[in-house]
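Asker: Protein chains in written order, with numbering that gives the first Met the number 0: chain U, 0 to 350; chain D, 0 to 323.
No wet-lab data here; the hints were simulated from the structure. The reader is advised that the hints may include incorrect statements.
[As the list claims (entries may be wrong)] Rough simulated footprint, nothing fancy, chain D against chain U, three-plus residues with beta-carbon under 8 Å:
{"no.": "1", "stretch": "163-177"}
{"no.": "2", "stretch": "190-198"}
{"no.": "3", "stretch": "206-213"}
{"no.": "4", "stretch": "270-278"}
Predicted model, so just to flag it, every value in this text is computed and none were measured. Think of the CB as a built atom: it goes at the ideal place given N, C-alpha and C, for glycine as much as any other residue.
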Amino acid sequence: MITRISADRLPELLKQISELEKLYIPVDKSDKVSVFEEYEPGKVMSTKLNTLRSAKDFFFPQVQPMAKFRMEGKKIEVIDPRTEAEDYCIFGVRACDVRSFDVLDRVFLADPVDTYYENRRKHATVVSFACSEPSETCFCHSFGIDAARPAGDARMWMTEDTIYLEGISGKGKALLEKLDLAALSAVTDEKAERDVQEEVRRVHEIQKKMPLYSLTPADNREKELEIFHSPIWKELSDKCLGCGSCTFVCPTCQCFDIEDFDGGHGVERYRCWDSCMYKDFTMMAAGTPRKTQLERFRQRFMHKLVYYPIRNEGMYSCVGCGRCLRRCPIHMNIVKVMKAMEEDAQCETKN
Amino acid sequence: MQDELKKRACELLADGTVNRVLGWSAGDFFYDITPTVFESAEDINKNFVYNDFCGANLSKYLIAESQKEGKIAVFLKPCDTYSFNQLMTEHRLKRENIYAVGIPCDGKVSAETLHDAGIHGILAVKKDGDDLVCDTVYGEKRMAFDVAQDERCRSCKSRKHVVYDELIGEEGEVLDSHRFDEVEKLEAMTPEERFNFWQGELSRCIRCNACRNVCPACNCELCVFDNPKSGVFSKAASNDFEDANFHIIRAFHVAGRCTDCGECSRVCPEHIPLHLLNRKFIKDIDTLYGDYQAGEKEGQMSPLSAFTEDRDAEPSIVQKGGIR
Numbered sequence: 000m001i002t003r004i005s006a007d008r009l010p011e012l013l014k015q016i017s018e019l020e021k022l023y024i025p026v027d028k029s030d031k032v033s034v035f036e037e038y039e040p041g042k043v044m045s046t047k048l049n050t051l052r053s054a055k056d057f058f059f060p061q062v063q064p065m066a067k068f069r070m071e072g073k074k075i076e077v078i079d080p081r082t083e084a085e086d087y088c089i090f091g092v093r094a095c096d097v098r099s100f101d102v103l104d105r106v107f108l109a110d111p112v113d114t115y116y117e118n119r120r121k122h123a124t125v126v127s128f129a130c131s132e133p134s135e136t137c138f139c140h141s142f143g144i145d146a147a148r149p150a151g152d153a154r155m156w157m158t159e160d161t162i163y164l165e166g167i168s169g170k171g172k173a174l175l176e177k178l179d180l181a182a183l184s185a186v187t188d189e190k191a192e193r194d195v196q197e198e199v200r201r202v203h204e205i206q207k208k209m210p211l212y213s214l215t216p217a218d219n220r221e222k223e224l225e226i227f228h229s230p231i232w233k234e235l236s237d238k239c240l241g242c243g244s245c246t247f248v249c250p251t252c253q254c255f256d257i258e259d260f261d262g263g264h265g266v267e268r269y270r271c272w273d274s275c276m277y278k279d280f281t282m283m284a285a286g287t288p289r290k291t292q293l294e295r296f297r298q299r300f301m302h303k304l305v306y307y308p309i310r311n312e313g314m315y316s317c318v319g320c321g322r323c324l325r326r327c328p329i330h331m332n333i334v335k336v337m338k339a340m341e342e343d344a345q346c347e348t349k350n
Numbered sequence: 000m001q002d003e004l005k006k007r008a009c010e011l012l013a014d015g016t017v018n019r020v021l022g023w024s025a026g027d028f029f030y031d032i033t034p035t036v037f038e039s040a041e042d043i044n045k046n047f048v049y050n051d052f053c054g055a056n057l058s059k060y061l062i063a064e065s066q067k068e069g070k071i072a073v074f075l076k077p078c079d080t081y082s083f084n085q086l087m088t089e090h091r092l093k094r095e096n097i098y099a100v101g102i103p104c105d106g107k108v109s110a111e112t113l114h115d116a117g118i119h120g121i122l123a124v125k126k127d128g129d130d131l132v133c134d135t136v137y138g139e140k141r142m143a144f145d146v147a148q149d150e151r152c153r154s155c156k157s158r159k160h161v162v163y164d165e166l167i168g169e170e171g172e173v174l175d176s177h178r179f180d181e182v183e184k185l186e187a188m189t190p191e192e193r194f195n196f197w198q199g200e201l202s203r204c205i206r207c208n209a210c211r212n213v214c215p216a217c218n219c220e221l222c223v224f225d226n227p228k229s230g231v232f233s234k235a236a237s238n239d240f241e242d243a244n245f246h247i248i249r250a251f252h253v254a255g256r257c258t259d260c261g262e263c264s265r266v267c268p269e270h271i272p273l274h275l276l277n278r279k280f281i282k283d284i285d286t287l288y289g290d291y292q293a294g295e296k297e298g299q300m301s302p303l304s305a306f307t308e309d310r311d312a313e314p315s316i317v318q319k320g321g322i323r
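Produce the complete structure using the sequences and hints provided.
Answerer: Okay, here's the thing in structure tokens:
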């Protein structure tokens, strides 16, 4: 069941949702900066393809306070900062980022469940936003994601003059049912279905013209060691600056470190994003297990394209959002790695 | 120009002047430029690229490359030559292993600027007079080249190469670029406005270290922020102040050594105008110690490490007989 609403009623729609629960939407802070922010009347929803940071921030923030320790004499008081999250809605998440939640769920919600993540995750209702103008850096299609028909609890399409809404999960449908759609002159009819079909078809046609349309990840699950020892890593990693921008803009990168901040009046323990590209990643008393940038670089891509699929029935830990393609200082990225892997495999076959 | 550079690169390999060439290559698009070491004419002919998107400063790569066996040729744009000199001054390069070729630059463009302007599905870009013309799957899109250029290029400080073994193309001039105009805008703010400006910008920092790792002046073997024993070690901020702390400390550490190449802002995935922080320091140094351009000459002494009694901003700090 798809409901159509005139596009100029979007502010009213957002206002209605925000009256039901806390609402977050993507907002353009400037032509260069779009971020998810809490909705307030007057805030305009961004129609940019992607926010700078991915939506993983909602469940796995850059910094997550874990505990506080207050000391008095010989007594240590441990304060748990966790409180049950309220229900909230993330509105306008793109198809790639929606899939990233599935990737993260398989890590954080697997036994032992990460309660910090779970707390934020289970209270969220995700309303996705179909892409109408994909870019050349988009390749979600390669991982079986439909940018024109995103997953989520509910989804939205936006054409020049109309918004289309469809509930998907029980949570999403329940949210839409709570809205006063009549007040928005919403119509649920056959035309809405037909319009959406046409929009989906149109976007699929555009995708076919994109340079990365034919990019298909290989099933590497049987070739773990072969790829690990491949000569491609040296050349690819030689150029890497060893910064963590790919990791931190990535919606599926999930590594973290736990640190203590001693402010003088007690200790705050927090966890923060960490990057396998860093020299001190998983540093132990005996040093780091990956001493060279080659090893670190290899780890990141092996994890996304080989190790994760091995453990998750072939699911890749990349969603093709293209953020790393756009943001890597030297434009080294997962697409270049996938292509090098493919070329290498073809050479092997020939030999 | 690209063909000329390719030809010269192949010659330098063929006549044994060098055994490697440091340049740029592209991937699936013409703009996804990666600094690359070439070892054969075949590789150069196939993959070497020099276009409007080759903004990456190659000088820093020479720290590692010049330690390797044999000589390497490197293509340096005018502003990259300042970084080169600065690295020489800091004894970070093995000069005898480098053959520097100065090449012209008309200003560089980041594809991010095109994307941010809503130009998507880009298939090709060409120059048409003063415009960049983008061929996209959504039709032809135009953007004035002047607007598309990085800010560092719009306010280019110099088209002159300050060091080279060989020059391709015509030599340019040091420019009166008004690059401090942006700094003056910040100085004109009230302290509160300025604090809010930087807080707004720096609060987006994700501590990915791209600015630091790309920076030619940031060439420490172990950065204080990566050293657990330094007391400022951290991977992320536990509070708002700390991200600012990272950038302020970094700006102080590179003060007097930053050549204003602008790589920090080019690579910032959060589009924070970090170079303005460094440029403010440059302006202050100019004001307090007289005009000084880091990297202008090899071996020059930074005003911050050279005390002169008559010209120092704080002459009372060092006096005959010690601090009083």
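Asker: Each hint: holds or not?
Answerer: Here's how the hints hold up against the structure:
| no. | hint | result |
| --- | --- | --- |
| 1 | 163-177 | violated (count 0) |
| 2 | 190-198 | violated (count 0) |
| 3 | 206-213 | holds (count 4) |
| 4 | 270-278 | holds (count 6) |
Of the hints listed earlier, those the structure fails to meet are numbers 1, 2, in rising order.
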